[in-house]
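J.: Here is what each chain is made of, one letter per residue.
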Amino acid sequence: MAADHAHAHALGHAPADKKPISQGVLAMVLFLGSEAMLFASLFTAYFMVRYNVAQNHWPPLNSSGEPFELPKVGTGVNTAFLVFSSFTVWWAEHRLKHGDRKGLERGLLVTMLLGLTFLVIQINEYVHLGFTPQDQAFGSTFYTLTGFHGLHVFVGLVLLLICYLRVKRARDFTPTFSTPLVAASLYWHFVDVVWVALYILVYLV
Amino acid sequence: MATYQPTHAHTGHHHVHGPTRSAWDYWKRAIVGVITGVVLGFIITFLARWLFGFDGLWASQVYWSVCATLAGLGFIIGIGCFDWWWDYLRGRKVDYEDHSLHGARSIGDYFRPNTDHKVIGIQYLVLTFGMFIVGGILAELVRLELAFPGQTIADGETYNGFFSGHATVMIFGFVIPVFGGLANYILPIMIGAKDMAFPRLNALSFWLLVPAGVMLGLAQFVGAFSAGWTAYTPLALQGTTGQTLFEIAVQFAGASSIATALNFLVTVMTMRAPGMTVWRMPLFVWAQSVTAGLVVFGTPFIAGSQFMTWFDRVMGTNFFNVGGGGDVLMYQHVFWFYSHPAVYIMMLPGFGIISDVISTFARKPLFGYRALAFSTVAIAVLGFGVWAHHMFVSGMPGWLRFPMMIMTIVIAVPTGVKVFSWLGTMWGGKIHLKTPMLWAMGFVFTFVIGGLSGVFLGTLPADIQLTDTYYVVAHIHYVFFGGSVFTIFAGLYYWFPKMTGRMYNERLGQIHFWLTFVGFNATFFPMHWLGAVGMPRRVADYDERFADLNLFISIASLGMVIGTAIFFYNAINSWIRGPKAPWNPWRGRSLEWLVSSPPSLFNFDAVPQVVGGPYQYGLPGARHAVIFAGEDLGGGELTEVDRRTMLVVANESVGSQALTDRVRQLAASGVWRFTFLMPVEDGNNRAAERRLQSALSVLAAEGIDANGSVVSGDPLSAIRTAVADDDPQQILLVTQPRGASPWLDRDMVDRVRKASNRAVTHMVISGDDARTPTRSSAVQTIAVVANDAMGEGLATAVQERADGGPVSAVVLCPLSLDGPGWTDDAESVRDAAAERARAVIASLQEAGIPARGEVIDGDPAEAARIARDSYGATSVLVGTIAGRGDADIVEAVTAAAQPVPVEHVFVEAAPPAL
Ligand code: HEM
Ligand SMILES: [Cu+2]
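So the sequence lines, in the order shown, correspond to chains A and B. Residue 120 in this note's numbering is what sits at position 120 of the first sequence, and the numbering runs on without skipping anything. Residue 420 in this note's numbering is what sits at position 215 of the second sequence, and the numbering runs on without skipping anything.
Quick caveat, the hints were computed from the structure, so don't treat them as lab data. As the structure is a computational prediction, the values presented were derived from the model and not from experiment. Be a bit skeptical, because a hint or two may be false.
[As the list claims (entries may be wrong)] Dumping the calculated DSS-like pairs for lysine-lysine here, alpha-carbon to alpha-carbon at most 25 Å:
{"no.": "1", "chain 1": "B", "residue 1": "K298", "chain 2": "A", "residue 2": "K102"}
{"no.": "2", "chain 1": "A", "residue 1": "K102", "chain 2": "A", "residue 2": "K168"}
{"no.": "3", "chain 1": "B", "residue 1": "K959", "chain 2": "B", "residue 2": "K635"}
{"no.": "4", "chain 1": "A", "residue 1": "K97", "chain 2": "A", "residue 2": "K168"}
{"no.": "5", "chain 1": "A", "residue 1": "K168", "chain 2": "B", "residue 2": "K298"}
{"no.": "6", "chain 1": "A", "residue 1": "K97", "chain 2": "B", "residue 2": "K298"}
{"no.": "7", "chain 1": "B", "residue 1": "K785", "chain 2": "B", "residue 2": "K639"}
Could you build all of it, start to finish, from the sequences and the hints given here?
T.: Written out as structure tokens, the structure is:
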């Protein structure tokens, strides 16, 4: 669904980029506000469970009496991949500004590879965690937060893939018109920022 | 029905190709999409559960969840919402300005994805009013169960399904999206835009609502969700399939409203016409924008809450399971953090509509325009800080209670500002009590009661007593029904002429209002009392001592049912055959009134330039906008405000050829618009209303800007009022010739001149001329052919047809004499026939239907031919006396009248013998 906002154009109006902010980008910014609230609702659940019910005895004990454990270091490395991918997508846009379409292609490709790496490592983490979403509210909030985030990474990848296909096949985007690309990269940055917040709040503190 | 024709010769810079596929093609794909979704969902779920070895291979709720979700998506993809995107992501060349799905040329175009905001508006309205009927039926089932103590029609669980379904359908299926419908149609025009910012996203928003509606309806039959629209945990966790469908439907509806809201925000931010500063926006635009903000930032919270309940139920997570370290109360916090703002999502757009309607019908600038705008923002912001007033007795932390109480009471302040602004607008205004205004004033009355009961509920000690009783039910209905729904009707009647191009029937509209207003108060006011003495809400059975009032309430609720039935009849009937509506029937000032009804494909043929506020009624020379026509349209200004008003004071001659010709002649000069004033002294308003309607629709069909009203009582004071209201430049006073005119006997011309201080032109139209109806394709000519059946029965039949649209009548009495026509016998037969015809003509004229006629020496077939050829009849009514077997006459007439349609009317009793 997210893809819709990015590209549509005003009827009978000047090309969007002539405005200080294009309609597509504006819609994406507002949409990200909405997305932020979705994560806020899930974080509300997390904090209520953690501070109200568990009284911050965190992480709680699992069924065998041990505290739940999260792989801080491995995920930290994974976090670095995602943060790095924000820079690569920025670089891709930057290359387009200089009219370097090959650079744009490469930038998008590297970004997608990094994103995919993140997802694969995350799934691998799920497999080896040793607890499930059904294991107490801890498991429920953990999997729901990271799962929703993973879903957003996936959507972000799809958006980038669409942009990539447009670049390759339709020779889309010019230094003056790149609304869909800007919107997709905004989305990607958002996914990145959410992850950093999530990593700090759920894994570290 | 309304299909869009360009108003002026279209300038042609939009490339609009007609759609190549019919609506049915889209639906075939949609059906395939749904079936694919279900099958795919089933296979995926089965394989996943089997491969990963989940225990419970057949966990039914998992299957329902996946299948319903994929079926919904399959529907949207199948119906074609993503076709454009499919081309886009395959790297095809796409046209960003693709208008191939824009606009409706036939009814079928309303049943497929359409990117025209006007079509989408109508689609929303029709779908949501369908949901209104579903919700209404459930409400009556609730009232039936509660009519008597004990079990009446349903056991407890079924009853829970009824009230939960009722509230959910009404809230998520009607009130929230119906404003999306009104705003979709009106808002872009109000700000001078040609469409919404994202037309394809707009279509998607609408079609997302369809699966949501279907799932909510379907849920009633597969084990209804029964935990209320609030779906509190842990109760909701016990729900079955219905609860699953509820959770998915809410996601679809939520996605739909977020998408529309983004669209509205971007549209208002970037597409306002030149000169349309935020302080010149009509308040409906303000309200809808602020609402959109609430939707964008609030709705994700209900999405979150429903995701979590869904996971708990279907996947066995522990969000709300205390045993697993979860937090039950957390549900209520997350839910109300959306749902309190949601009550304003359902109310703010209505506030906007009311501001527009009251200002227009009080003919006064809005009192406190900026205060109204700011208070809208204030309510929205404060609305995020009061959610826990729904949770005072839930066991939440005690310290939260007091701040929530204070914030709640503080919200009453901006709300009060609004009420006083509306009252201030009406104060000293020239109130025109048309249907939209009745709803608006009814709204102010009921909403004040609802707001006051809200303050009681927001007060902690009172709420501890009143919560979960019928007092809360009274409150929510005073704010939802007396609030939101009244504003919806106000808006619907107000913009009906604009949206359909037809006038609704004013009398039925007023009956609808009064039945609903009285029925509403009789139904819900006693609930305050029931609640205060302790009747709990959401329970199927109750104590004997509440029995009498409950029975009374159940009976009173039927008033609203009848009112609603009348509304639907009126809306559908007027939409199909109502009289043509003028551009600006209410003399409104905002931009939607400067375009045709319905507006052309892209609303404006030239970009409007906004030059002032939208509510400057009665300020000389003030104007909201000017529209300059393009070169190809002859240039010049298209604004109606610069045309001068001519007040036409007339009675019998309204609708006659003579007067219509005069008006046409004046209109041709381009500087005049017309306000008809029909002072009626003998109390027969109905006849005058009919003549007026018919005259106005003839003029509207020709593009002449005219409106008017019928006023009882003293003509002079009516003229004085009209002059103050409309500030006409001139008055055209039409009377009968001297001697036949009571007005002239009273020296009216001079007195009007003195009273109005305006130039008065006097026009004389003789009685005969006044009875000659206007020839126009907008008027149906009904020929009445009958001999001894000629009488009241036929007159009534013509009147019934006249209720549907303008008609004139030709009364023909064929004699079919056996012998020679010159004998005394023949003469007396002829006289008697003429007498009968004259009586019918008189009776029709009495009813406001122009009628003429003659006696014909010939058979009925001959009369039918004459009706067709000499009178240009568009339909023929043949009357025969019941039980005499005149089938051959009817056949002969039908054959003779070809191709004019013939209808047969039986007249009951024989007319008095001579
Ligand atoms: C001055 C304004 C208002 C105040 C102070 C107010 C206050 C309240 C309070 C305190 C409650 C909780 C009652 C309880 O459950 O014990 C309540 C319930 C409710 N209010 Fe209002 N309200 C106001 C306006 C509105 C408006 C404008 C709407 C909607 C258009 C609305 C819709 C509702 C609904 C639906 C409920 C019941 C929710 C449920 O439990 O099912 N209220 N209101
Ligand atoms: Cu509330």
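J.: Hey, K102 of chain A versus K168 of chain A, does the alpha-carbon distance stay inside 25 Å?
T.: Roughly 10 Å between the alpha carbons, so the hint for K102 of chain A and K168 of chain A holds.
J.: Hint check: K97 of chain A vs K168 of chain A, CA-CA at most 25 Å. Holds or violated?
T.: Holds - the C-alpha atoms of K168 of chain A and K97 of chain A are around 17 Å apart, at most 25 Å.
J.: Under the criterion that the straight-line Cα-Cα distance not exceed 25 Å, is the pair K298 of chain B, K102 of chain A satisfied?
T.: Holds, at roughly 20 Å.
J.: When you check the alpha-carbon spacing of K168 of chain A and K298 of chain B, does it fall within 25 Å?
T.: Holds, because 12 Å separates the two Cα atoms, which is no more than 25 Å.
J.: Tell me if the straight-line CA distance from K97 of chain A to K298 of chain B falls inside 25 Å.
T.: Within the cut-off at roughly 22 Å; holds.
J.: Given the hint that K959 of chain B pairs with K635 of chain B, does the C-alpha gap stay at or below 25 Å?
T.: holds, 21 Å
J.: Are the Cα positions of K785 of chain B and K639 of chain B separated by 25 Å at most?
T.: Within the cut-off at roughly 18 Å; holds.
Violation of the numbered hints given earlier is absent; every hint is satisfied by the structure.
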